[in-house]
Amino acid sequence: TFHFADVLTQTKSTMLVTLWVFTGVEGAVVLSRQARKKKDVGKATVIGVISTLTIYILISLLSLGVMTRQELSTLKSPSMAY
1 TFHFADVLTQ
11 TKSTMLVTLW
21 VFTGVEGAVV
31 LSRQARKKKD
41 VGKATVIGVI
51 STLTIYILIS
61 LLSLGVMTRQ
71 ELSTLKSPSM
81 AY
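Residues in the sequence shown are numbered from 1 upward in steps of one, following the working numbering.
Please keep in mind that the hints were generated in silico from the structure rather than gathered at the bench.
Think of the CB as a built atom: it goes at the ideal place given N, C-alpha and C, for glycine as much as any other residue.
There could be a bad hint or two in this list.
[As the list claims (entries may be wrong)] Just the calculated beta-carbon pair ranges, DEER-fashion:
1. K37 / L8: 40 to 48 angstroms
2. I47 / D6: 30 to 38 angstroms
3. T74 / A5: 20 to 28 angstroms
4. L75 / I47: 32 to 40 angstroms
When you get a sec, could you build the whole thing from the sequences and use the hints?
Take a look at the structure:
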């Protein structure tokens, strides 16, 4: 069943994460002025994004092996299993 309150909660959580990420990127941009080579800023940004994405994917995949499908199906909120 659809609950509007759940959508608001999810939207709020997403907005908080987005704001947190924006603050981190903004801080990196301010500090990028001090880089000796401007090329290094772009490389560091790409490496940081790929590293973060890789860690996120590995954590997501790791959680799939913790519980069986039957155990997950009996949980009240399977998305919170990990």
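Hint by hint, here is what the structure shows:
| no. | hint | verdict |
| --- | --- | --- |
| 1 | K37 / L8: 40 to 48 angstroms | holds, 45 angstroms |
| 2 | I47 / D6: 30 to 38 angstroms | holds, 36 angstroms |
| 3 | T74 / A5: 20 to 28 angstroms | holds, 24 angstroms |
| 4 | L75 / I47: 32 to 40 angstroms | holds, 37 angstroms |
Comparing the model with each numbered hint stated earlier shows that all of them hold.
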